[in-house]
Amino acid sequence: GENVEQHPSTLSVQEGDSAVIKCTYSDSASNYFPWYKQELGKRPQLIIDIRSNVGEKKDQRIAVTLNKTAKHFSLHITETQPEDSAVYFCAAMHASGGSYIPTFGRGTSLIVHP
Amino acid sequence: DTAVSQTPKYLVTQMGNDKSIKCEQNLGHDTMYWYKQDSKKFLKIMFSYNNKELIINETVPNRFSPKSPDKAHLNLHINSLELGDSAVYFCASSHSGETQYFGPGTRLLVL
Numbered sequence: 005g006e007n008v009e010q011h012p013s014t015l016s017v018q019e020g021d022s023a024v025i026k027c028t029y030s031d032s033a034s035n036y037f038p039w040y041k042q043e044l045g046k047r048p049q050l051i052i053d054i055r056s057n058v059g060e061k062k063d064q065r066i067a068v069t070l071n072k073t074a075k076h077f078s079l080h081i082t083e084t085q086p087e088d089s090a091v092y093f094c095a096a097m098h099a100s101g102g103s104y105i106p107t108f109g110r111g112t113s114l115i116v117h118p
Numbered sequence: 034d035t036a037v038s039q040t041p042k043y044l045v046t047q048m049g050n051d052k053s054i055k056c057e058q059n060l061g062h063d064t065m066y067w068y069k070q071d072s073k074k075f076l077k078i079m080f081s082y083n084n085k086e087l088i089i090n091e092t093v094p095n096r097f098s099p100k101s102p103d104k105a106h107l108n109l110h111i112n113s114l115e116l117g118d119s120a121v122y123f124c125a126s127s128h129s130g131e132t133q134y135f136g137p138g139t140r141l142l143v144l
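Line by line, the protein sequences give chains A and B. Here this note's numbering runs 4 ahead of the position in the first sequence, where the first position is 1. Here this note's numbering runs 33 ahead of the position in the second sequence, where the first position is 1.
Looking at chain B on its own, in the form it has when it is part of the complex (with noise of 0.2 Å):
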């Protein structure tokens, strides 16, 4: 009954590759969110989305694209993927953007 999920856990991929990842929240939260980490552990917000309203941080490539199928996913589309992308990558969710529910992470590597 995990609350937040994503898959998949890791992803090893080549530089130029098209990749996705999953997120799933079964907390009926109106508001799912993309988070990337990098290697010095700082949080940047990729994007804000709910049944209304998609909300993209400026800095985002728009190699990177979210889609909601519905209000429990979220899934995070990347498009020619490059070294830079390496990093975690956190879904979460909210109940009108209070507290944030964050899945377990993806690990994303660009050889």
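This is chain A alone, in the form it adopts within the complex (with noise of 0.2 Å):
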């Protein structure tokens, strides 16, 4: 089955600076990968995602990079703003049988100094 690693496990920024976090995945099929973003007490809500045949995405402060022959991906936040301070999850796609089946990286929890 498919594996998802997400490093750092913590991220700790001074507001304004960016901040990156990085994913790898093992099962070449997977084709879908969203980053999703879970303040405390909150559900988890998708905030960016990517498929396959995109190199990179980008939303306002928010983008994402996706390296398929590493099978690497990564999320960077730019000018973070203390409500960015959440746990961001990421997560890759993949077949099983005739559904999609994601599967999370453990999360990082982004802490934004004031």
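Since the hints were derived computationally from the structure, they do not count as laboratory data. Where is the CB? At the ideal position from N, CA and C, for every residue including glycine. It cannot be assumed that every hint is accurate.
[What the hints assert, rightly or not] Straight-line Cα separation of at most 35 Å, DSBU-like style, residue types lysine-lysine; simulated pairs:
{"hint": "1", "chain 1": "B", "residue 1": "K100", "chain 2": "B", "residue 2": "K69"}
{"hint": "2", "chain 1": "B", "residue 1": "K74", "chain 2": "B", "residue 2": "K52"}
{"hint": "3", "chain 1": "B", "residue 1": "K55", "chain 2": "A", "residue 2": "K46"}
{"hint": "4", "chain 1": "A", "residue 1": "K26", "chain 2": "B", "residue 2": "K77"}
{"hint": "5", "chain 1": "B", "residue 1": "K73", "chain 2": "A", "residue 2": "K75"}
{"hint": "6", "chain 1": "A", "residue 1": "K41", "chain 2": "B", "residue 2": "K69"}
{"hint": "7", "chain 1": "B", "residue 1": "K55", "chain 2": "B", "residue 2": "K42"}
{"hint": "8", "chain 1": "A", "residue 1": "K72", "chain 2": "B", "residue 2": "K69"}
{"hint": "9", "chain 1": "B", "residue 1": "K74", "chain 2": "A", "residue 2": "K75"}
{"hint": "10", "chain 1": "B", "residue 1": "K42", "chain 2": "A", "residue 2": "K46"}
{"hint": "11", "chain 1": "A", "residue 1": "K46", "chain 2": "B", "residue 2": "K52"}
{"hint": "12", "chain 1": "B", "residue 1": "K73", "chain 2": "A", "residue 2": "K62"}
{"hint": "13", "chain 1": "A", "residue 1": "K75", "chain 2": "A", "residue 2": "K62"}
[As the list claims (entries may be wrong)] Okay, the calculated bits of chain A under chain B, using three or more residues with CB under 8 Å as the criterion:
{"hint": "14", "segment": "49-59"}
{"hint": "15", "segment": "87-97"}
{"hint": "16", "segment": "105-115"}
[Stated by the list, open to error] Some residues of chain A that are not near chain B, with every Cβ distance over 12 Å (derived):
{"hint": "17", "residue": "V17"}
{"hint": "18", "residue": "P38"}
{"hint": "19", "residue": "K62"}
{"hint": "20", "residue": "I66"}
{"hint": "21", "residue": "N71"}
{"hint": "22", "residue": "T73"}
{"hint": "23", "residue": "A74"}
{"hint": "24", "residue": "T82"}
{"hint": "25", "residue": "E83"}
{"hint": "26", "residue": "P118"}
Join these two chains into a complex; the hints should help.
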């Protein structure tokens, strides 16, 4: 099955700095890579995603890059703000029979200090 | 008009009891899921279910069973609750397995 590794587990930055979270996956058949943000006590919510036919995608201060050959993808947050503080999860989607199964990374706790 | 809803929000119960958590989605999605999030925040998928196939994470004890009365509902039944079952349980739905829309979570505490 798929295995997703996520690093770092904790990331502390100053407001205005950039933050980068990296994930690797093992199944070359995985073709959809979403990122979720989970604020304290809340549900995970999608913030950005990328498909295997695209190398990079950007949405305002958030960008995701994908290297299919190396099987890794990264989340980049620029000009971080205190409200970016949350746990971020990467995921890789792979087919299992007739269904698609997400495998999540273990999460990165991002702390943005004012 | 909540997209994915779960009940109850909190559940406190004694060891050995049987309990159920309900989940409903009004997004017209074809696939529903149950996740367990432990104290270390790890999101572990327990089940994936669409109208054709139930996929079970092999590490999930058979005390846990999903029940789907229709495409919009996927309930979770837990028999003989144990202390280690204490966690937050999230229901989610998606269209063909892509973006997951999560419910608000059910915080289960087994005493």
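Against the structure, the hints come out as follows:
{"no.": "1", "hint": "K100(B) <-> K69(B)", "result": "16 Å, holds"}
{"no.": "2", "hint": "K74(B) <-> K52(B)", "result": "23 Å, holds"}
{"no.": "3", "hint": "K55(B) <-> K46(A)", "result": "18 Å, holds"}
{"no.": "4", "hint": "K26(A) <-> K77(B)", "result": "19 Å, holds"}
{"no.": "5", "hint": "K73(B) <-> K75(A)", "result": "26 Å, holds"}
{"no.": "6", "hint": "K41(A) <-> K69(B)", "result": "16 Å, holds"}
{"no.": "7", "hint": "K55(B) <-> K42(B)", "result": "10 Å, holds"}
{"no.": "8", "hint": "K72(A) <-> K69(B)", "result": "29 Å, holds"}
{"no.": "9", "hint": "K74(B) <-> K75(A)", "result": "24 Å, holds"}
{"no.": "10", "hint": "K42(B) <-> K46(A)", "result": "12 Å, holds"}
{"no.": "11", "hint": "K46(A) <-> K52(B)", "result": "23 Å, holds"}
{"no.": "12", "hint": "K73(B) <-> K62(A)", "result": "30 Å, holds"}
{"no.": "13", "hint": "K75(A) <-> K62(A)", "result": "19 Å, holds"}
{"no.": "14", "hint": "49-59", "result": "holds (count 3)"}
{"no.": "15", "hint": "87-97", "result": "holds (count 4)"}
{"no.": "16", "hint": "105-115", "result": "holds (count 7)"}
{"no.": "17", "hint": "V17", "result": "19 Å, holds"}
{"no.": "18", "hint": "P38", "result": "6 Å, violated"}
{"no.": "19", "hint": "K62", "result": "18 Å, holds"}
{"no.": "20", "hint": "I66", "result": "15 Å, holds"}
{"no.": "21", "hint": "N71", "result": "21 Å, holds"}
{"no.": "22", "hint": "T73", "result": "23 Å, holds"}
{"no.": "23", "hint": "A74", "result": "23 Å, holds"}
{"no.": "24", "hint": "T82", "result": "23 Å, holds"}
{"no.": "25", "hint": "E83", "result": "25 Å, holds"}
{"no.": "26", "hint": "P118", "result": "23 Å, holds"}
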